[in-house]
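Chains as they are written, first to last, in this note's numbering: chain Y, 18 to 238; chain X, 935 to 1389.
For the record, the hints were derived by calculation from the structure and aren't laboratory data.
Using N, Cα and C, we set each Cβ at its ideal position, and we do this for glycine too.
One should not assume that every hint holds.
[Stated by the list, open to error] Restricting the straight-line Cα-Cα distance to at most 30 Å, the calculated cross-link-like pairs of lysine-lysine (DSBU-like) are: (1) X/Lys1201 to Y/Lys205; (2) Y/Lys90 to X/Lys1204; (3) X/Lys1325 to X/Lys1301; (4) Y/Lys175 to X/Lys1204; (5) X/Lys1189 to Y/Lys222; (6) X/Lys1204 to Y/Lys226; (7) Y/Lys152 to Y/Lys222; (8) Y/Lys226 to X/Lys1232; (9) Y/Lys76 to X/Lys1201; (10) Y/Lys118 to Y/Lys76; (11) X/Lys1034 to X/Lys982; (12) X/Lys987 to X/Lys1034; (13) Y/Lys194 to X/Lys1203; (14) Y/Lys175 to X/Lys1201; (15) X/Lys1201 to Y/Lys75; (16) X/Lys1203 to Y/Lys175; (17) Y/Lys194 to X/Lys1204; (18) X/Lys1203 to Y/Lys205; (19) Y/Lys226 to X/Lys1203; (20) Y/Lys118 to X/Lys1204; (21) Y/Lys194 to X/Lys1201.
[Said to hold, decoys possible] Facing chain X, according to a computed beta carbon distance under 10 Å, are these residues of chain Y, among others: (22) Ala137; (23) Gly173; (24) Ala179; (25) Asn182; (26) Tyr224.
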Amino acid sequence: MQSKESMEIEAVQSQSQNESGSLPSKPNFEPLKAHEMSDGRVQFRKVSVPPHRYTPLKKVWMDIYTPIYDQMKIDIRMNLKGRKVELKTRADTPDISNLQKCADFVHAFMLGFDVVDAVALLRLDELYVESFEIKDVKTLRGEHLSRAIGRLSGKGGKTKFAIENATKTRIVIADTKIHILGSFSNIKIARDSLCSLILGSPAGKVYSKLRAVTARLAERF
Amino acid sequence: MATPSIAPLDLGALHRLKLTEPPVWLAPTAELSDAAREASRQLFSFLKSHTPKSPLDQLLVEGFDAEQIWQQIDLLSQPLLYGLKREVKKFEKNPDEIGKIRKVLEGERKDFEREKEINELEQYLEEDEAREYGLKKDVINDKKKVRRKLGVFGEGDEDDGDMDQLGTARKLQSEIEKMEKANMDQKAWTMQGEVTAAQRPKNSALEVDLDFQHNVRPAPVITEEFTTSLEEMIKKRILEGQFDDAQKIFTLPSKAPRELNELDENKSKKGLAEVYEEEFVQKTNPAAAPLLFSDEQKKEASMLFKKLCLKLDALSHFHFTPKPVIEDMSIQMNVPALAMEEIAPIAVSDAAMLAPEEVFSSKGDVKEETELTQADRKRRRANKKRKFKAKAAERSAKRAQDNTSLNHNDVQELYYTKMIGRIEELPKNYGNQARKKVRVTLITSYRFRIVEKFW
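Assemble the whole structure, with the sequences as input and the hints as a guide.
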């Protein structure tokens, strides 16, 4: 079959050359659709729901569902039995990377980010979630550990919010685990200030450093 | 007292020196210096027998200068001096021994006399050398004293060799002890390192020459030249009548003070996507970005400053043209017929202004309080009374109406009409819009009052 087709194309080319002496018009191929790329196979992603995010997920399900279904053109459902959110490509999914973006979005929600913040993962390309633990920075035990967590969040979350606003990131402090959502360079700045807080520097010192760093970042443009 | 090792003194050279007339010494002569050398060599070898430990066997004279010869004599005389001192101390302790010595001395008076002679001769000799080489006199005197002591006590020293050895051992011992003590004792405060005022005796720092570095710049040394130069400068300035000081140049800060960006410690109301969106918009199209709070303040400040500048310009600038204010087109009637040049600044000039009667127009004569006659005053009072009476009558009529009709609609009607009447009363220059507004406010306030009454 194939050889026959190619032969036919050659024949056509030779004909056109013979006729006008110019090259034939370029063939215009439509870009492959997402489902065509993987031989029509449907791709799946599963994001497991931890027990403490079950109720919040139920509450904001529509906020999660609408952008994924409408904008990203990905099918989403909650598997109650397996306690997993399942995502699947559709025939009209414009980009294969949408599936991964949606999975990241759902995962970010599971980590504890708000939906309004996590939606940024769908809208922007250069956003990442970085996670680390306090013990990766310094081995702290007992009261030292709790004090370190207290330093990270500050009174009523003041320190955390200050870092978030200064670095344009979002931070989740879940016990000893810390998750940062933001662009690469911003994550770096936020992580640096969090690390210095863990190591014991007072919030005021971290603020002044942050101020200097953000001022420098603002000047860069 | 037997001294078998004593060499026989050859006094020839000394005699020759002694016999030389003093004026001859003034000119250096080889003969005399040879004689002096010889004499000193003789004396040295004579004294050598008293100090067995001296490193030199004899005075080396040939080819040595005066200083070197003196050094050799020193080498001999130092141990001799110590020995003599020791002997004197010994005699102090037990004076009986002096008697013995005296006997011996008497026995050897001849020797002593000779010794005396030697001393004298030596004195001559030294003076000669001093003249020859310009040595200092006091040094020579010291040496002389040593020689004299030697002459007196020389014999007492070498009683026996054993005593001498014992003495040296003791001397060594004492020296060692002295050194050890010096090591063990507390050091002087200058050697102790850091010392405060309490740790050293009073005024002790004045006595020592301290060498340390000052951090402050030393005060200028006021020399005579310095003061004269200053005085000259002052005089010159007075002559020139130049009394100005160096003016300090104040530099205005070229840069605006850095803005301290406050960290917002509250949970941001915007989602992360919106934050990034704003940042992107600001980066791509700064004009379209929403104004920050500080920007608004800046704008207001610049507006105020512009207003101030306009006023100041009007005051100071002679031909100040105010900013053209575009208003509705209107024909100004009261313009002077002739445009005259004015001396006063335009902003101050009242050439284009209205006349007083144009500004304030009133019927009849306007009189001041003091200008009124009695008749005028009476008329005014009567007018006032008439107006008040009319008002009072109106008020009473209204009250009567209020009492009679409590019906809502009636009241409203009444009020309405009254309001309309009041609106009619409004000054003529009130526009239609204003009238409408007044009406609305009056009605609403009235309704409110009605509602209040019902409750």
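Item checked: Enumerated hints in conflict with the structure, sorted upward -> none
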